[in-house]
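2 protein chains.
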Amino acid sequence: MAETGQSQARVVPVISELKVPKGTRDWFGADVILRDHIFQTISEVFKRHGGTALDTPVFELREVLTGKYGEDSKLIYDLADQGGELAALRFDLTVPFARWLAMNNVTQIKRYQISKVYRRDQPAIARGRMREFYQCDFDIAGETDPMIPDSEILRIIIEVFKALELDVTIKLNHRKVLDGLFAVAGVPADKIRATSSAVDKLDKMPWVEVKKEMVESKGIPDEVADRIGEYVQQSGPIADMLERLQADSKLTSNDDVKAGLSDLSLLVTYLQAMGVADKISFDLSLARGLDYYTGLIYECVVGPTAATEPNASAPKSKSKSKSKKSDDPSSLVGSIGAGGRYDNLVGVFGKRTIPCVGISFGVDRIFTILKAKREREAGAAPRTRETDVYVMAFGGKGFDGLLAERMSVISALWDAGIRAEFSPKVKPRLPQQFKAAADVPLAVILGQDELAAGKVKIKVLGLESDHPEKEGVMVDRADVAAEVRKRLPKP
Amino acid sequence: MAETGQSQARVVPVISELKVPKGTRDWFGADVILRDHIFQTISEVFKRHGGTALDTPVFELREVLTGKYGEDSKLIYDLADQGGELAALRFDLTVPFARWLAMNNVTQIKRYQISKVYRRDQPAIARGRMREFYQCDFDIAGETDPMIPDSEILRIIIEVFKALELDVTIKLNHRKVLDGLFAVAGVPADKIRATSSAVDKLDKMPWVEVKKEMVESKGIPDEVADRIGEYVQQSGPIADMLERLQADSKLTSNDDVKAGLSDLSLLVTYLQAMGVADKISFDLSLARGLDYYTGLIYECVVGPTAATEPNASAPKSKSKSKSKKSDDPSSLVGSIGAGGRYDNLVGVFGKRTIPCVGISFGVDRIFTILKAKREREAGAAPRTRETDVYVMAFGGKGFDGLLAERMSVISALWDAGIRAEFSPKVKPRLPQQFKAAADVPLAVILGQDELAAGKVKIKVLGLESDHPEKEGVMVDRADVAAEVRKRLPKP
Numbered sequence: 001m002a003e004t005g006q007s008q009a010r011v012v013p014v015i016s017e018l019k020v021p022k023g024t025r026d027w028f029g030a031d032v033i034l035r036d037h038i039f040q041t042i043s044e045v046f047k048r049h050g051g052t053a054l055d056t057p058v059f060e061l062r063e064v065l066t067g068k069y070g071e072d073s074k075l076i077y078d079l080a081d082q083g084g085e086l087a088a089l090r091f092d093l094t095v096p097f098a099r100w101l102a103m104n105n106v107t108q109i110k111r112y113q114i115s116k117v118y119r120r121d122q123p124a125i126a127r128g129r130m131r132e133f134y135q136c137d138f139d140i141a142g143e144t145d146p147m148i149p150d151s152e153i154l155r156i157i158i159e160v161f162k163a164l165e166l167d168v169t170i171k172l173n174h175r176k177v178l179d180g181l182f183a184v185a186g187v188p189a190d191k192i193r194a195t196s197s198a199v200d201k202l203d204k205m206p207w208v209e210v211k212k213e214m215v216e217s218k219g220i221p222d223e224v225a226d227r228i229g230e231y232v233q234q235s236g237p238i239a240d241m242l243e244r245l246q247a248d249s250k251l252t253s254n255d256d257v258k259a260g261l262s263d264l265s266l267l268v269t270y271l272q273a274m275g276v277a278d279k280i281s282f283d284l285s286l287a288r289g290l291d292y293y294t295g296l297i298y299e300c301v302v303g304p305t306a307a308t309e310p311n312a313s314a315p316k317s318k319s320k321s322k323s324k325k326s327d328d329p330s331s332l333v334g335s336i337g338a339g340g341r342y343d344n345l346v347g348v349f350g351k352r353t354i355p356c357v358g359i360s361f362g363v364d365r366i367f368t369i370l371k372a373k374r375e376r377e378a379g380a381a382p383r384t385r386e387t388d389v390y391v392m393a394f395g396g397k398g399f400d401g402l403l404a405e406r407m408s409v410i411s412a413l414w415d416a417g418i419r420a421e422f423s424p425k426v427k428p429r430l431p432q433q434f435k436a437a438a439d440v441p442l443a444v445i446l447g448q449d450e451l452a453a454g455k456v457k458i459k460v461l462g463l464e465s466d467h468p469e470k471e472g473v474m475v476d477r478a479d480v481a482a483e484v485r486k487r488l489p490k491p
Numbered sequence: 001m002a003e004t005g006q007s008q009a010r011v012v013p014v015i016s017e018l019k020v021p022k023g024t025r026d027w028f029g030a031d032v033i034l035r036d037h038i039f040q041t042i043s044e045v046f047k048r049h050g051g052t053a054l055d056t057p058v059f060e061l062r063e064v065l066t067g068k069y070g071e072d073s074k075l076i077y078d079l080a081d082q083g084g085e086l087a088a089l090r091f092d093l094t095v096p097f098a099r100w101l102a103m104n105n106v107t108q109i110k111r112y113q114i115s116k117v118y119r120r121d122q123p124a125i126a127r128g129r130m131r132e133f134y135q136c137d138f139d140i141a142g143e144t145d146p147m148i149p150d151s152e153i154l155r156i157i158i159e160v161f162k163a164l165e166l167d168v169t170i171k172l173n174h175r176k177v178l179d180g181l182f183a184v185a186g187v188p189a190d191k192i193r194a195t196s197s198a199v200d201k202l203d204k205m206p207w208v209e210v211k212k213e214m215v216e217s218k219g220i221p222d223e224v225a226d227r228i229g230e231y232v233q234q235s236g237p238i239a240d241m242l243e244r245l246q247a248d249s250k251l252t253s254n255d256d257v258k259a260g261l262s263d264l265s266l267l268v269t270y271l272q273a274m275g276v277a278d279k280i281s282f283d284l285s286l287a288r289g290l291d292y293y294t295g296l297i298y299e300c301v302v303g304p305t306a307a308t309e310p311n312a313s314a315p316k317s318k319s320k321s322k323s324k325k326s327d328d329p330s331s332l333v334g335s336i337g338a339g340g341r342y343d344n345l346v347g348v349f350g351k352r353t354i355p356c357v358g359i360s361f362g363v364d365r366i367f368t369i370l371k372a373k374r375e376r377e378a379g380a381a382p383r384t385r386e387t388d389v390y391v392m393a394f395g396g397k398g399f400d401g402l403l404a405e406r407m408s409v410i411s412a413l414w415d416a417g418i419r420a421e422f423s424p425k426v427k428p429r430l431p432q433q434f435k436a437a438a439d440v441p442l443a444v445i446l447g448q449d450e451l452a453a454g455k456v457k458i459k460v461l462g463l464e465s466d467h468p469e470k471e472g473v474m475v476d477r478a479d480v481a482a483e484v485r486k487r488l489p490k491p
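These protein sequence lines are chains L and C, in that order.
Numbering-wise (full-length UniProt numbering), the first sequence opens with residue 1 and increments by one.
Numbering-wise (full-length UniProt numbering), the second sequence opens with residue 1 and increments by one.
Keep in mind the hints are simulated off the structure, nothing from the lab.
Careful: at least some of the hints might be erroneous.
In this list, chains with the same sequence are indistinguishable; a pair is considered to hold if it fits within one copy or across any two.
Listed below are the simulated DSS-like cross-link pairs for lysine-lysine, each with C-alpha atoms no more than 27 Å apart in a straight line [unchecked claim]:
(1) K74 - K22
(2) K74 - K191
(3) K162 - K373
(4) K74 - K19
(5) K490 - K47
(6) K47 - K371
(7) K74 - K258
(8) K162 - K486
(9) K211 - K397
(10) K425 - K397
(11) K470 - K435
Based on the provided sequences and hints, a complete structural model is requested.
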């Protein structure tokens, strides 16, 4: 093109500073391989539970997203008005799912979606908090008998982290129990949501500070705050906690609490039938910010916490929140999965109400933890691509590079579905070729004399010195794919 | 939530008309399964050739995209200025790849990316022309000896369509040959790109109309247009066409043409070594709109065309363009893959020039064709999910639904990685359960007496009446996963 002088004139000159937009990043090579492993592992669990895949557009009409996210609505990314509809990038995958249910009049479905979502937030890269990040959602929509899908979602969460070999704690609470106990403690109805959002900070700050915020900023009387404090510092195995709360007659006099505890009682039965009751901690401080939750809420954090141990049901000490401030990426990233029941959201979009319950995994944060874990465990840098064979050639005086022969041999490997590369040079030097094959397990080596005899050499790279094939093995050119396949590393 | 009255007050009332933004769509169930099959098939070919995955943000800084797409730049989707950087949705995956190369100083790479791109264009849903759609790109960047990566890209294209079992024609041309022949025909230098874009319409309209546009709109003299017409209506097997053009001394006196034909001569040698020379048609009417191409350009269309048949090298008759206007989706969707060499694009972003060559598959269009093909071939509607087993229960008087037992048995299946569902009712009726299992191949059936004896029944649904297991087979409850696995349909 430089020769014709046509395009060169149109291109824009070098731009000031080359970068990606704030809070976004490129994903490359080994990172993508690990992330794909996470996606595949999670979606295999989703499919195991009858999940159907849904893929919605990256942007929605602006009015679909408006008013669904409470305080966080200011973080929605709008598209410019270029003389069309007003649209915005999706903030999560839950509202698009609810929009899809209402739009298509679907009344019963298990659906999953793994897609990017967008938050115009202050990025914190080290903690895995980005403006563009992936979510991995599974939701069950439809009328059912109570708590059956809820218990299946909890079972799915446990299967996912087992498959990912990650030790996590699932903290669980119930919006009705929480709202009811606030009422019992004396919080006026119009201050319940604000009190709730203060309590939600208990995993980041000690109770004295949370109390201060409630009293000073939200105008909750001191003695009301103290009564709340007695409850929300309690957590422990779900069956134990349930028993304790059911014995509290002040609490159970409240209708919301009663309804919530009845749900939890059924839930415990079902979790036991599914063999996962011991994996879940009932944590009265868990509140979750989003407006749309109506029943169970839950959140996953990395590592076993004291909360699932039988003796930890007593109020938490301050030391717990201090111990969270370590440099381990596991503690830095915060929640790696969260969800709950949202029975009214779909009704906002249509005439029909469809109860829903679901879970959203924060895959980028899971990635951060698994990557750190792999780096601790494995010594060598992970491979950026998965090539199995490098086809090379060498020869003495008059060596022409055997390019056509390399192309013909590698084509036979490709035809057999084998992952193979070769040098893009007519006459590559042998050291160059071995360097390019550095992280490739096998080499196929061509030489003029061997080819004349219809042979090529296969060499498994990095064999021990006493291995019978250390120096490679000659095979018929026609058998190259089959002979390579025999020597491929096990996946 | 309705009970507490908290959130209900905040939600926005039912919105006017529930829809997705113009030119976008939801993807669901069987469609996603087919699309994932396409993605996986193509990325397997990419990995076979040493491809490394790259995933760039969905939006780029606006100045990164500016000035790279010629006339199409008006179709770029901007993000609103919400007090941050100016960004826009990516228009293709090539410019982000070039930005990434320059930003990271990468000089040699094979990378692939499968992602959505955005064009604020007039949508044409039936023809698969959307505002949000997927592209699947493979590119080779770096200094190499001439035409080696170019021939590998062509081999990749052929492997992809072979793996997808789609019969396509690859049309190929060379920007230097095309520009040179325009010069030889007498087109002034400043009208070459405009002439080129008129010629590019030859696959949609007959030559007389293309000529009319060149003469009347672009101001090309009548006799110049006629000389162009003689050339651009030629196409045929690449080796034959090359021979014919090399014999045309008027053409070969032009330096651009000479350089292009020298490239093509090498290319033919390499394609022959890789066993794919006969799959490609050299088509002098192919021009491709994008500004950044500098060498080979190519495009894939569905079906074998006359152009690869030996006797079709003569000028095309009008009837050919007419025959394209059928109702077959294959002909409606147009190009399903296109690419070429772009040696100057990376240099626009940095100090260093990095030659590149690549291919972009239009996966949504490939989907449209494969879906139509599947519908013609298969009778039954494709499954929307891939559940293998439905766990059900039945019983007589006093039947309690055996919910805990169903949960326990299905948990054993899930633990074994088997895809299984059950009714979310405490006491489901048997017909309801069989209805829910309609497209599921196996049932596990629980009954009170059988469970008491430690047994469950496995029933393969839809067996012929003389099959020994037609009525199901009783197995030990402890062996249910292993016994189910024996009877799973082959994938």
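So, going through the hints one by one against the coordinates:
1. K74 - K22: For K74 and K22, the Cα distance is within 27 Å both inside one copy (17 Å) and across copies (24 Å).
2. K74 - K191: within (22 Å within a copy, 50 Å between copies)
3. K162 - K373: within (15 Å within a copy, 40 Å between copies)
4. K74 - K19: For K74 and K19, the Cα distance is within 27 Å both inside one copy (25 Å) and across copies (23 Å).
5. K490 - K47: both (26 Å within a copy, 17 Å between copies)
6. K47 - K371: both (25 Å within a copy, 22 Å between copies)
7. K74 - K258: neither (36 Å within a copy, 60 Å between copies)
8. K162 - K486: Between. Shortest inter-copy distance 25 Å satisfies the 27 Å Cα cut-off; intra-copy 33 Å does not.
9. K211 - K397: neither (84 Å within a copy, 56 Å between copies)
10. K425 - K397: within (18 Å within a copy, 80 Å between copies)
11. K470 - K435: Only inside one copy: K470 and K435 sit 18 Å apart there, 61 Å across copies, limit 27 Å.
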